[in-house]
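Residue numbers (our numbering), protein chains in the order written: chain A, 1 to 292; chain B, 1 to 292.
Careful: at least some of the hints might be erroneous.
Unchecked claim - Below are the SDA-like pairs computed for lysine to any residue, each with C-alpha atoms no more than 25 Å apart in a straight line:
1) B:K23 to B:A281
2) A:K23 to A:K226
3) B:K44 to A:S43
4) B:K269 to A:P40
5) A:K44 to B:P40
6) A:K44 to B:S43
What the hints contain is simulated information worked out from the structure, not anything from laboratory work.
Bear in mind that the values here come from a model prediction, so they are computed numbers and not experimental data.
There are 2 protein chains.
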Amino acid sequence: MTPTIGVFDSGFGGLTVLRALMKRIPQARFAFLGDTARLPYGSKSRRTISRYAAESAQFLVREQGAQFLVIACNTASALALDAIEEAVAGIPVLGVIEPGASAARAASKTGDVLVIATDATVQSHAYAAACARLGLRALEKACPLLVPLVEEGWVGPLAAAEGDEAHAALAAFAPPQVAVTAEVIRIYLAELISDAAQQGLNPDVLVLGCTHYPLLRPLIEAAVPKGMRVIDSAEAAAEVALVRFGAAAAAVPQGETALRCFATDSVEKFERLGSRFLGQAVGQVELVDLGG
Amino acid sequence: MTPTIGVFDSGFGGLTVLRALMKRIPQARFAFLGDTARLPYGSKSRRTISRYAAESAQFLVREQGAQFLVIACNTASALALDAIEEAVAGIPVLGVIEPGASAARAASKTGDVLVIATDATVQSHAYAAACARLGLRALEKACPLLVPLVEEGWVGPLAAAEGDEAHAALAAFAPPQVAVTAEVIRIYLAELISDAAQQGLNPDVLVLGCTHYPLLRPLIEAAVPKGMRVIDSAEAAAEVALVRFGAAAAAVPQGETALRCFATDSVEKFERLGSRFLGQAVGQVELVDLGG
Numbered sequence: 001m002t003p004t005i006g007v008f009d010s011g012f013g014g015l016t017v018l019r020a021l022m023k024r025i026p027q028a029r030f031a032f033l034g035d036t037a038r039l040p041y042g043s044k045s046r047r048t049i050s051r052y053a054a055e056s057a058q059f060l061v062r063e064q065g066a067q068f069l070v071i072a073c074n075t076a077s078a079l080a081l082d083a084i085e086e087a088v089a090g091i092p093v094l095g096v097i098e099p100g101a102s103a104a105r106a107a108s109k110t111g112d113v114l115v116i117a118t119d120a121t122v123q124s125h126a127y128a129a130a131c132a133r134l135g136l137r138a139l140e141k142a143c144p145l146l147v148p149l150v151e152e153g154w155v156g157p158l159a160a161a162e163g164d165e166a167h168a169a170l171a172a173f174a175p176p177q178v179a180v181t182a183e184v185i186r187i188y189l190a191e192l193i194s195d196a197a198q199q200g201l202n203p204d205v206l207v208l209g210c211t212h213y214p215l216l217r218p219l220i221e222a223a224v225p226k227g228m229r230v231i232d233s234a235e236a237a238a239e240v241a242l243v244r245f246g247a248a249a250a251a252v253p254q255g256e257t258a259l260r261c262f263a264t265d266s267v268e269k270f271e272r273l274g275s276r277f278l279g280q281a282v283g284q285v286e287l288v289d290l291g292g
Numbered sequence: 001m002t003p004t005i006g007v008f009d010s011g012f013g014g015l016t017v018l019r020a021l022m023k024r025i026p027q028a029r030f031a032f033l034g035d036t037a038r039l040p041y042g043s044k045s046r047r048t049i050s051r052y053a054a055e056s057a058q059f060l061v062r063e064q065g066a067q068f069l070v071i072a073c074n075t076a077s078a079l080a081l082d083a084i085e086e087a088v089a090g091i092p093v094l095g096v097i098e099p100g101a102s103a104a105r106a107a108s109k110t111g112d113v114l115v116i117a118t119d120a121t122v123q124s125h126a127y128a129a130a131c132a133r134l135g136l137r138a139l140e141k142a143c144p145l146l147v148p149l150v151e152e153g154w155v156g157p158l159a160a161a162e163g164d165e166a167h168a169a170l171a172a173f174a175p176p177q178v179a180v181t182a183e184v185i186r187i188y189l190a191e192l193i194s195d196a197a198q199q200g201l202n203p204d205v206l207v208l209g210c211t212h213y214p215l216l217r218p219l220i221e222a223a224v225p226k227g228m229r230v231i232d233s234a235e236a237a238a239e240v241a242l243v244r245f246g247a248a249a250a251a252v253p254q255g256e257t258a259l260r261c262f263a264t265d266s267v268e269k270f271e272r273l274g275s276r277f278l279g280q281a282v283g284q285v286e287l288v289d290l291g292g
């Protein structure tokens, strides 16, 4: 079988990680699995999450021939990386949290960073721990409304755009739905920055610690204080993957499919929303049964 | 054992139904079970939902001596009422959808009603079917942001208040979080009312088809067109329960606890958020294991 990078998420938010990977390592073949039947992982115990993640990883390795694994799920990266490595012994496994923390260290001058993520990721304090290991002080904040806002599509048609163009376009045209999302982001960031100041922190980096948040990047960049850098864990993970797997990833023979997407449930929702996360059509999503 | 009304929900949103029941039938004893370990039901198959709901109902009947059951979960009411009745043969079972539809018929002069609910409830079209059986035309709309907004607490301290006082207070004082929720409601209702007009409907009733929505009632009432009545399925179910179970519900002996709350997981979140839904302290929540 042609070498494949396996990408795993509890849902389809991890398609933003796949998108970053496909941009960085365009010559590789990819297999993406969303364990949509058993999401959300965030409300489950470490033992259960480890079992689900291990089963998913084994599917990508044994059934799809993945020779490298990227865990595009913050919860699984935080709680189940050891269990996954054990389940697919010999296959290199990369999570999204360590790369996010490393990128934050590279970007921060003050050594103080902010992290926004889901409730489950924040409660695991995995980003704070990874940052601490690199000598950074991190303050984390759960932003539970951002995932449903993204899934509702209230990100505007411009979220796919990047950089200054998106900012200018947003300023000129913001439907009420996008204005709501912008206001939610403003409220969350104001609370977080105020908390940071009270704790004597001087943050100059904001880490997007959830796979859904890259779709909000233009709105988030418009909301952060001047000079604060926004770090996307998905992009950071893709950078690390390029270094570790890039050279080894074989070219895809002409005429063969370079991407296959699998889900354990809700294939229709995956196909409908997935293209927004991937930035291109996901094509047909194949249903798999992992038991459990 | 003293007669007990068992109240079941997939989460703790059903506490708004319990609240309405306790107000209507204050002399009864109540046992509430939230199947928090297995939520959300909305994304699962009818077969799985039926099994979970039947197990939960059996716990309330066999372990807690419930002699009447109220299914305070729109998804379970829509998909599993038959399975529950079979599982607890001989025990009267009341869902929230039929009472909501009946109350809508009593309130509507035009015969056209609007229903807002979660994605799962709307996809089941259970409200539209129940309304059609009563000769009403119903248009349903999923409002996926409202549950997370309620769970985030962006309903303001005034959501517990009722009627004109709440409206006046809201107009005078709305923190930015509440303004966001009000704007989300305005956007959803504008879309729904526009769709209704395009279909030639002339709705004069709006049904709150989700257990979380009563906490948004002041904001929703402020947003509907003048003359449109807002019907709360929780209150409608409590009215029906009073007629069916009220006389039979025995008085609670003095000194005995009139309410026990159970959950299959996330007891801490239940205790923390539950009081907001119940309108009073939920007290200690007992953890139960239903297997599965």
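Evaluation of the provided hints:
no., hint, verdict
1, B:K23 to B:A281, "holds, 15 Å"
2, A:K23 to A:K226, "violated, 28 Å"
3, B:K44 to A:S43, "holds, 16 Å"
4, B:K269 to A:P40, "holds, 16 Å"
5, A:K44 to B:P40, "holds, 12 Å"
6, A:K44 to B:S43, "holds, 16 Å"
The structure shown violates just one earlier hint, number 2.
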